[in-house]
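If you count the sequence shown from 1, position 217 lands on 216 in numbering that gives the first Met the number 0, and the numbers rise without skipping.
Hints in this document: simulated from the structure, not taken from any laboratory. Because the structure is a prediction, the values reported are computed rather than measured. Do not take every clue at face value.
[Stated by the list, open to error] Calculated lysine-lysine pairs in the DSS-like style (CA-CA distance at most 27 Å, straight line):
#1 K157 to K191
#2 K122 to K202
#3 K250 to K62
#4 K240 to K250
#5 K222 to K240
#6 K122 to K157
#7 K190 to K161
#8 K231 to K202
#9 K253 to K222
#10 K250 to K191
#11 K57 to K202
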Amino acid sequence: MNNAIGVFDSGVGGLTVAREIMRQLPNETIYYFGDVKNCPYGDKTKEEIIKNTDRAVKFLIDKGVKLVVLACNTATAAALDYLQNKYEVPIIGVVQPGARRAIQATENNKVLVLGTKFTANSKVYDIEIENINSDIIVFDKACPAFVPFIESEGNLDKEATKNLISDTLGNTNTLGVDTVVLGCTHYPILKKDIEEYYGNNIKVISSGREAAREVSTVLGYAKLHQKKFNKKEHRFFISQKSDNFDSIASKWLKKDINAEVVEI
Numbered sequence: 000m001n002n003a004i005g006v007f008d009s010g011v012g013g014l015t016v017a018r019e020i021m022r023q024l025p026n027e028t029i030y031y032f033g034d035v036k037n038c039p040y041g042d043k044t045k046e047e048i049i050k051n052t053d054r055a056v057k058f059l060i061d062k063g064v065k066l067v068v069l070a071c072n073t074a075t076a077a078a079l080d081y082l083q084n085k086y087e088v089p090i091i092g093v094v095q096p097g098a099r100r101a102i103q104a105t106e107n108n109k110v111l112v113l114g115t116k117f118t119a120n121s122k123v124y125d126i127e128i129e130n131i132n133s134d135i136i137v138f139d140k141a142c143p144a145f146v147p148f149i150e151s152e153g154n155l156d157k158e159a160t161k162n163l164i165s166d167t168l169g170n171t172n173t174l175g176v177d178t179v180v181l182g183c184t185h186y187p188i189l190k191k192d193i194e195e196y197y198g199n200n201i202k203v204i205s206s207g208r209e210a211a212r213e214v215s216t217v218l219g220y221a222k223l224h225q226k227k228f229n230k231k232e233h234r235f236f237i238s239q240k241s242d243n244f245d246s247i248a249s250k251w252l253k254k255d256i257n258a259e260v261v262e263i
């Protein structure tokens with residue numbers, strides 16, 4: 000099926016998921032929507048997150064996408080069930096794949112989830128992990144400064160990045176966990192720096208790769224895979240002009256990105 004895959008995030012974070020989908024499914028086309036106007040989502044109410052996410056998902060569905068990925072942990076936690084009940088197009092989130100990966104990775108059954116304030120307070124990872132393995136202890140840490148820092152490309156300053164991570168994560172390296180989940184799709188942009196903070200004995204994982212695998216599985220089950228090479232161009236949409244978005248997207252995807260500004 001020649002229709003595109005829709006990928007949604009509050010900003011640039013979902014590009015980490017889009018890139019992985021492009022790598023695993025090179026024949027597929029991506030339509031990406033970044034709601035930079037309303038970013039970050041982590042400090043918003045559930046009702047606000049659902050409203051903003053619903054508008055973006057409707058926009059992508061109106062563009063004819065065959066599947067939507069909520070490449071945002073906060074949106075997944077707040078809106079996934081609502082959207083799956085509202086639309087016929089398959090909609091998947093990133094929390095379940097991330098939770099499964101954490102269960103596979105941990106050896107001492109202690110996992111730390113780094114996320115936005117909303118994701119941390121929702122305990123969505125705790126619930127998903129407990130549903131599969133109730134022996135695993137999950138700690139949640141809200142990192143509200145990370146998303147604005149990444150959206151403004153603050154991570155280009157290595158010293159500022161190191162200081163932010165140290166100030167934010169504090170004594171979480173004394174919890175005894177052996178696995179850290181990057182519970183926000185923005186956070187893989189800081190992955191190497193976070194790995195340096197925790198050291199070699201702790202695994203730092205993200206859900207992007209697992210989410211891409213789930214996309215492939217859902218497409219296969221619904222017989223929606225693009226079997227021949229798709230000549231259509233990837234398209235990127237944002238809710239307000241953002242030079243930072245174009246800059247980050249171009250670096251991460253290794254191609255010139257000039258996102259289309261749309262009002263929804």
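Quick rundown of the hints versus the structure:
no.: 1; hint: K157 to K191; result: 11 Å, holds
no.: 2; hint: K122 to K202; result: 21 Å, holds
no.: 3; hint: K250 to K62; result: 26 Å, holds
no.: 4; hint: K240 to K250; result: 18 Å, holds
no.: 5; hint: K222 to K240; result: 36 Å, violated
no.: 6; hint: K122 to K157; result: 31 Å, violated
no.: 7; hint: K190 to K161; result: 12 Å, holds
no.: 8; hint: K231 to K202; result: 37 Å, violated
no.: 9; hint: K253 to K222; result: 30 Å, violated
no.: 10; hint: K250 to K191; result: 16 Å, holds
no.: 11; hint: K57 to K202; result: 37 Å, violated
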